[in-house]
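Chain residues, written in single-letter form:
Number of protein chains: 2
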Amino acid sequence: MTTMELLRTAKACAPCLAAASTEVKNQALLAMADALEAHTESILAANALDMEAAAEHISSVMLDRLKLDSGRIKGMAEGIRQVAKLPDPVGRVRQSAEHPNGMVIDRVGVPMGVVAIIYESRPNVTSDAAALALKSGNACVLRGGKEAFRSANAIVAAMQKGLAAVSLAPELIQLVQDTSRASAQELMTAVGYVDLLIPRGGAGLIRACTENAKVPCIQTGTGICHVYVDKDADQEKALKIIENAKTSRPSVCNAEEVCLVHEDIAAEFLPKLHKLLVQDRQVNPVELRLDARAAAMIPGKAASDTDFDTEFLDYILAVALVADVKQAAAHIAKHSTGHSEAIITEDQAAADYFTRVVDSAAVYVNCSTRFTDGGEFGLGCEMGISTQKLHARGPMGLEELCSYKYVVRGNGQIR
Amino acid sequence: MTTMELLRTAKACAPCLAAASTEVKNQALLAMADALEAHTESILAANALDMEAAAEHISSVMLDRLKLDSGRIKGMAEGIRQVAKLPDPVGRVRQSAEHPNGMVIDRVGVPMGVVAIIYESRPNVTSDAAALALKSGNACVLRGGKEAFRSANAIVAAMQKGLAAVSLAPELIQLVQDTSRASAQELMTAVGYVDLLIPRGGAGLIRACTENAKVPCIQTGTGICHVYVDKDADQEKALKIIENAKTSRPSVCNAEEVCLVHEDIAAEFLPKLHKLLVQDRQVNPVELRLDARAAAMIPGKAASDTDFDTEFLDYILAVALVADVKQAAAHIAKHSTGHSEAIITEDQAAADYFTRVVDSAAVYVNCSTRFTDGGEFGLGCEMGISTQKLHARGPMGLEELCSYKYVVRGNGQIR
Chain A
-8 MTTMELLRTA
2 KACAPCLAAA
12 STEVKNQALL
22 AMADALEAHT
32 ESILAANALD
42 MEAAAEHISS
52 VMLDRLKLDS
62 GRIKGMAEGI
72 RQVAKLPDPV
82 GRVRQSAEHP
92 NGMVIDRVGV
102 PMGVVAIIYE
112 SRPNVTSDAA
122 ALALKSGNAC
132 VLRGGKEAFR
142 SANAIVAAMQ
152 KGLAAVSLAP
162 ELIQLVQDTS
172 RASAQELMTA
182 VGYVDLLIPR
192 GGAGLIRACT
202 ENAKVPCIQT
212 GTGICHVYVD
222 KDADQEKALK
232 IIENAKTSRP
242 SVCNAEEVCL
252 VHEDIAAEFL
262 PKLHKLLVQD
272 RQVNPVELRL
282 DARAAAMIPG
292 KAASDTDFDT
302 EFLDYILAVA
312 LVADVKQAAA
322 HIAKHSTGHS
332 EAIITEDQAA
342 ADYFTRVVDS
352 AAVYVNCSTR
362 FTDGGEFGLG
372 CEMGISTQKL
382 HARGPMGLEE
392 LCSYKYVVRG
402 NGQIR
Chain B
-8 MTTMELLRTA
2 KACAPCLAAA
12 STEVKNQALL
22 AMADALEAHT
32 ESILAANALD
42 MEAAAEHISS
52 VMLDRLKLDS
62 GRIKGMAEGI
72 RQVAKLPDPV
82 GRVRQSAEHP
92 NGMVIDRVGV
102 PMGVVAIIYE
112 SRPNVTSDAA
122 ALALKSGNAC
132 VLRGGKEAFR
142 SANAIVAAMQ
152 KGLAAVSLAP
162 ELIQLVQDTS
172 RASAQELMTA
182 VGYVDLLIPR
192 GGAGLIRACT
202 ENAKVPCIQT
212 GTGICHVYVD
222 KDADQEKALK
232 IIENAKTSRP
242 SVCNAEEVCL
252 VHEDIAAEFL
262 PKLHKLLVQD
272 RQVNPVELRL
282 DARAAAMIPG
292 KAASDTDFDT
302 EFLDYILAVA
312 LVADVKQAAA
322 HIAKHSTGHS
332 EAIITEDQAA
342 ADYFTRVVDS
352 AAVYVNCSTR
362 FTDGGEFGLG
372 CEMGISTQKL
382 HARGPMGLEE
392 LCSYKYVVRG
402 NGQIR
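Sequence order for the protein chains is A and B. In terms of our numbering, the first sequence opens at residue -8 and continues consecutively. In terms of our numbering, the second sequence opens at residue -8 and continues consecutively.
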């Protein structure tokens, strides 16, 4: 099927899912999970072909992300079963008010309709995204990366068998068959067919969506996250938090990329930071990229112009001195991608200023930026982390994949 | 100033307003209201010039919309004072949760930043929109219609004096000085400068935004609203509601444009409808545009192909017969603009089906579509009525002019 044909069928069967009960949706999710496990063999065979084709031109890290085994497929099935346990956002009354004339005005959660997701190589995103879309009552059109195409096709085929087993239309979950840029462009401009587009990927994809999307779109992902160590920081706390934010998983979007240090404590704090992240680290020492004043205090590479605007996703940390919390906030306003920022301070006034003024999806006081995550925030799951301000901000759970409508019940009221 | 210069100054002073206290914002609103009244003379002089220039080429209805007098200016000032009384959405904790590790995770309302509003000739929109933007912590850039340009300039100048009186930057409220299409286009594409664009106007403007906007945008306004009279309707209720929905104010977007009637009761109901809306109405009788089956039952004009897809905004009602609530919902799905629809029935199952399946901003049971309004829904005000599903749906109040961020307070937590 062409991408447009596939969108038309998605649009046609979306209303049926929107009206489906929680019970039917949960049965579908359990059937999808069972079908995934039952088709382990065909999925692994498809994955082996993907691995073989990709081996020549992608890195070993990427190859590892692409690789499936029966344990990983079991994990994907478990993920789907977890989604079945989450509360249903559709039909939930978010607010209710009684008009003086007696009408009851409810604000009720409803699906968006058709959600399209553009993502890259990890095959588990295929099942995660499909499960979240289904539970939130949305038909989904998935457009995965070229490298994982055979795997994604096998995963979708299995999940479609699960849908059919509970008499739901298999077309509620579909994979775009064209992995060229043209199909991404088609999704971005399919006005009337795509009710929500979620691009999950690098800065280039996000930019292409901003530039070209005519359908409603939520930008996700890129994170140049800052940790600001204030004059009144508990320095031991600061060190523990920075070590966690920078090194626990540097390849993710909520990892720290920039450390800002109050100039009054820099001479004392920076040597401790250097000892922790460089000197004492046997494995994966962090490369520090220092502004001129920091470079005068500890060893490290001189920061280039672009280092404060780069998502390293690696064991690299840019470090700069600032005069106070105001200058820290100003630096963040200029360089941040609006994802996650933290202040380390015992001064309530500084903390209050920082949380009020810093305009990012998540603003932390005395804890690690690594917590920006749907699971950690109590959403139970995550379709991505929005870095825009319209509709959803930060981790997107089931509720954020929905819209609402007003349902007004009366008894003959007129205005 | 060019539109771009004006956007740059708006962007520069927005953070200061975002951090302003409720008290400061309320003082500003009261000062703006006072300044409007104090400048009644200069505003009326500017309005007289607008009226003179417009007299030659716009209708008397439009001229009346454009005209100001001291009573209308007093009304605008009162409107601003009402906004000062509304609760502040900025800083409001919308949700709060405690992480098992002790962190407190708050979801807090924050302004969008710079809100741009494109609207047409009524001068009072200038002060309404500015007041709502200010209270929600947003700098606003207003782009009014050509006909009201001098009036809007005088109104903005007065409001800016109010801002200055409480030491806020006058540039928080600005009027685009170019009323050609080029300036609307500039607002639609000012990525990084416009955080939210609200086009308020006809279908052409909304289409232009869908086609061209690269900034976050909320579509408002067009309403092809349906009232479906079910087999089990209380027909007296139905007549009262249709009379209200169609004739109480036909020029507004929540007025009824289409009446769908269950075929089993049509022979009984349609003559009553004709008597009420045509025969017995001395002033402004309604023109009925009937599908073939309705035309066989009562007098009226034959409906053309486009009549079920037209926002008449006039004393005109399209009428069609349907087989049941399912066919009514299907007709609405095909022809509605997603604004407001009503079912009149005493059958709970039909009402439940209609409210579950009809996907519009407001869905009514046994009451008039005319209630879709921020004031009626308890929002206290209204910046427009969103007919899209992303971010805000239905009447947009102060809360809908905001985004949110997560503020997470801890004591050294790491992941």
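These are calculated hints, taken from the structure and not from any lab test. Any given hint could turn out to be false.
The list makes no distinction among identical chains, and a pair is therefore deemed to hold if it is satisfied within one copy or across any two copies.
Below are the SDA-like pairs computed for lysine to any residue, each with C-alpha atoms no more than 20 Å apart in a straight line [claimed, not checked]: (1) Lys231 x Glu69; (2) Lys205 x Arg191; (3) Lys58 x Asp282; (4) Lys228 x Val95; (5) Lys58 x His326; (6) Lys317 x Arg284; (7) Lys222 x Arg400; (8) Lys205 x Ala194; (9) Lys231 x Thr13.
Numbers of the earlier hints that this structure fails to satisfy, in rising order: The structure breaks hints 1, 3, 5 and 9; every other hint is satisfied.
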